[in-house]
Structure formats: C-alpha cells, structure tokens
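Enquirer: Residues per chain are reported as follows:
Number of protein chains: 2
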Amino acid sequence: MPIRERRERERTERERRIITAARELAEAEGWDAVTTRRLAERIEYSQPVLYSHFKGKDAIMAAVALEGFAELAARMRAARTVTPDPRASLAAVAEAYTSFAAARPMLYEAMFTNAVDLTFASEDTPAPLQAGFAELREAVHPFAGTDDPALTAEIFWAALHGLVTLTRKHRLRPESHPRRLALLLHHFTA
Amino acid sequence: MPIRERRERERTERERRIITAARELAEAEGWDAVTTRRLAERIEYSQPVLYSHFKGKDAIMAAVALEGFAELAARMRAARTVTPDPRASLAAVAEAYTSFAAARPMLYEAMFTNAVDLTFASEDTPAPLQAGFAELREAVHPFAGTDDPALTAEIFWAALHGLVTLTRKHRLRPESHPRRLALLLHHFTA
DNA sequence: ACTCCCTTCTAGCAGTGCTAGATAATAGAG
DNA sequence: CTCTATTATCTAGCACTGCTAGAAGGGAGT
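Taken in order, these protein sequences are the chains called A and B. Here our numbering is used: position 35 in the first sequence is 35, and no number is missing along the way. Here our numbering is used: position 142 in the second sequence is 142, and no number is missing along the way.
Hints are supplied without guarantee of correctness; some may be wrong.
Treat identical chains as interchangeable: a pair holds within one or across any two.
Listed below are the simulated EDC-like cross-link pairs for lysine to aspartate or glutamate, each with C-alpha atoms no more than 16 Å apart in a straight line [said to hold, decoys possible]: (1) K57 <-> E175; (2) K169 <-> E15; (3) K55 <-> D117; (4) K55 <-> E44; (5) K57 <-> D117; (6) K55 <-> E15; (7) K169 <-> D58; (8) K57 <-> D85; (9) K169 <-> E41; (10) K169 <-> D85; (11) K55 <-> E71; (12) K55 <-> D124.
For the record, the hints were derived by calculation from the structure and aren't laboratory data.
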C-alpha cells in the first residue's frame, strides 16, 4: 500500500515546513513573534495540526534548536580541520563558534536560553550536541596538558558562551570582541 | 505641607513592595508565575496601579535586576577584601559570583537573560553594574600582566557567566563545578 | 453504497500585558 | 461647612497568547 507511504512522506515534509517556518520567523522577528497562529498561517494549515506534530510550542523550539546544534557542530568541525596547527585550529573553532552565534542570534537563543529539556552530559543526549562538544574537546585537547581534556573543554566552552551572551545583551562592547577572543586563546594556549 | 510628603513616602513604599513582591514570587515559582494580576493581588491594589509606578512588566523586572546587581557587587566586594592574597582573593570572588547565581537563579536570570535595557559599558550604566564589574577588575588586575586589565576582567567574567548559565540549563554536570572553577582559576593565575 | 476511521477544522477556554473611561477620595476656595 | 477641581484608584474590556474539545470532512475497505 503506497498510499500510507505517501501520507507519511507528506507528513514528515509538513513537519519540516513547521520547523523551518519557526526558524525563519524567529530569525526575522524574534521568538516573541513566533506564535502558533502565525506558524499555522505560514504552513497553510490550521492551528491544531501543529499539536499533531509537536507536543507544544516548546517542542517546536527544541526541534529548531536541534537543527542549530547540528549546524554549529558542522561549522566547528570544518573550522578545526582546516589546518593541522593546533593553535590555529583552536582559534578557528572559537571564531566559528562566536560568529555562528552572532550571525544567528535567535537560533542560538533557542539552543541555549530556551529548550530546557535538551540535556547534555547524560546518556540520552542527542547526537548533534555530543558532536558539537566533541569538536570543542578535540580542539582543546592539545593544550590540556595534565588537566582533564573534557573539563578544559567545558570551561573553554563556557568562556565562549559567556562572551556570546554578554555581548548579545549589550554587556560587552562588540568592537573589542576580537581582542577578547585573542586574549582568551592566549590564556588557554599558553 | 506634610501631606504631600506623606503621599510620596507611601508611594515609594508601595513601589518597594511591588519590587519585593515580584522578586519573591519569581524566586518561589519562576518568572512565568510573575503576572501583573498576581503582583497586584500581593500588594493589595488593582492591576493598573503597577503602571503608575513602572512602564510595564519589563520595567519591574529591570528594577528587580538592579537590586540583584547591587547585592552581587556587595558580595564580590566582601569576598575580594577578605584576604590580601591576590590568588585567594580572585578565587573568593569567583566563588561568590557562582554561588550567588546558584542561590538566586531567578534573580540572576532577571539580571542577565532578561532586562535588555540595562546596558553596560556606556555612560549611563547604573552604578551597581559598574561597581560589580569594578570588583571583578580589581580581583583580576594582579594577574593581567601586560594585558589590558579591563579586557582580562571581561573574559574572566564571561567564563564565570558561561559556567553559571550552562550549568543552570543542564549543559554541565553540577557535581564537577568545583573542579571547573579550580581549573579556570588555574588558567588565569598561571 | 455504506459504514468506519483518520485527518483537519471551527470554536472556544483560560490566561497574558496593558489601557480607556468611570468612580471614589481628597485638597483647596468660598 | 459646602462646593468644586484634581488626583488616585478601580472596573471593564481589548487584543493577544498556548492549547483543546467536539464537529465536519474525505478517502479506505467491505
């Protein structure tokens, strides 16, 4: 029965449209503008169909966030493997991370300030999140010395995340971001 | 005319009650539970009186946040001046910062993830914010070397803020927080 | 042709931040 | 003490939110 297959295909295709609609709307007007009614309007279905795909608005945001994690992981991987020099590699990863956050602030927001149920450091952590952290750990590893590489990666990640969020909320002057990044790298590669 | 004075006194007193009500409610049940109706009920006035004190809910949150910044600055100052040893002093400040955030998560949330209009690093930055950053700068200063002390303070602050927020959102295991903090201090005092 | 089932929709609930217009309380003038 | 002007406060409501129950629709299998 190919009918059932077509149905399922259309269904997953519609789910994709929901996610991308949410993402586009958020990037364009912020997450406050992403309402269930506007999403329904965009995909040209009524409101309740959203709830046949996702448990609620939070689940939609989580799906968008997961997409973001996959992209971030890919960017960091590309940055890390572009050069064999460990120092340049770490710098490239850090640059990739902060520029990703700056280019897609709403996506980053969905990934970190919302989406509480996406838990790290546990067994059922989604693959993209583990992949992203793995990139960071690999990049930091050459400079960990006798310290725990995972722990070092965590504090390096925290520093990047702090820079990103504080800059985003106008707590740090954006123009001195490159100098801050250079100084941070200096502290970790010394 | 002492009547006008009494009026104003009662008014500022009521404003205080609004702020503390918002803060208590947030700490107890989270910021989502802080609605204008519940606030009005707590202070035993009708909803619209809130708008004669504050421009909106965001302004109330900003007022709470400002209170939080004053408290955080005081705690950091106390921590920094408890010992003359620069290394122990910096460690104490970092410990004060993270434990403040852990003890009052909703207050910290109001201070950083909301309250967009409280801008740092500009002329009209409120005093408590400047005071808090000054404490951090003082504590970091002995270890800045030839680097810009302010910039070093900024990245140290970012690292602390990153640790706090990532831990809060279940991105980092809480139990290894002390080891992370120690490792971070090691990177900045080496 | 007729059920049956699954999909989708319309309509509505309880809640949100915020505000216009009515009302109550008070101050000053006669 | 009375009356008016002003201020403070409230009631009622708007437009919106996330979400859901029950009706209506349209193919599938007998």
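Enquirer: Go through the copies and call it for K55 and E44: within, between, both or neither, with a Cα cutoff of 16 Å.
Expert: neither (19 Å within a copy, 37 Å between copies)
Enquirer: At 16 Å max between alpha carbons, let me know whether K55 reaches D124 within a copy, between copies, both or neither.
Expert: For K55 and D124, the Cα distance exceeds 16 Å both inside one copy (19 Å) and across copies (44 Å).
Enquirer: My question is about K57 and E175: at a cut-off of 16 Å on alpha-carbon distance, are they close within one copy, between copies, both, or neither?
Expert: neither (35 Å within a copy, 31 Å between copies)
Enquirer: With 16 Å as the alpha-carbon cut-off, assign the pair K57 and D85 to within, between, both or neither.
Expert: neither (44 Å within a copy, 51 Å between copies)
Enquirer: Under a CA distance limit of 16 Å, which applies to K57 and D117: within one copy, between copies, both, or neither?
Expert: Result: close within a single copy only, 13 Å intra versus 27 Å inter.
Enquirer: Can you give me the call for K169 and D58, within, between, both or neither, at a CA distance of at most 16 Å?
Expert: Classified as between: cross-chain Cα gap 15 Å, same-chain 22 Å, threshold 16 Å.
Enquirer: As a check of your reading, is K55 near E71 (CA-CA no more than 16 Å) within one copy, between copies, both or neither?
Expert: Classified as neither; 24 Å inside a copy, 39 Å across copies.
Enquirer: At most 16 Å between CA atoms: does that hold for K55 and D117 within a copy, between copies, both, or neither?
Expert: within (13 Å within a copy, 33 Å between copies)
Enquirer: Given identical chains, is K169 near D85, meaning Cα to Cα at most 16 Å, within a copy, between copies, both, or neither?
Expert: The answer is neither: 34 Å in one copy and 33 Å across copies each exceed 16 Å.
Enquirer: Using 16 Å as the alpha carbon limit, work out where K55 and E15 are close: within a copy, between copies, both or neither.
Expert: within (13 Å within a copy, 40 Å between copies)
Enquirer: As a check of your reading, is K169 near E15 (CA-CA no more than 16 Å) within one copy, between copies, both or neither?
Expert: This pair counts as neither: shortest intra-copy Cα distance 32 Å, inter-copy 26 Å.
Enquirer: How do K169 and E41 come out at 16 Å by Cα distance, when the copy is not named: within, between, both, or neither?
Expert: Neither: 31 Å inside a copy, 32 Å across copies.
In summary, the numbered hints that this structure violates are 1, 2, 4, 8, 9, 10, 11, 12.
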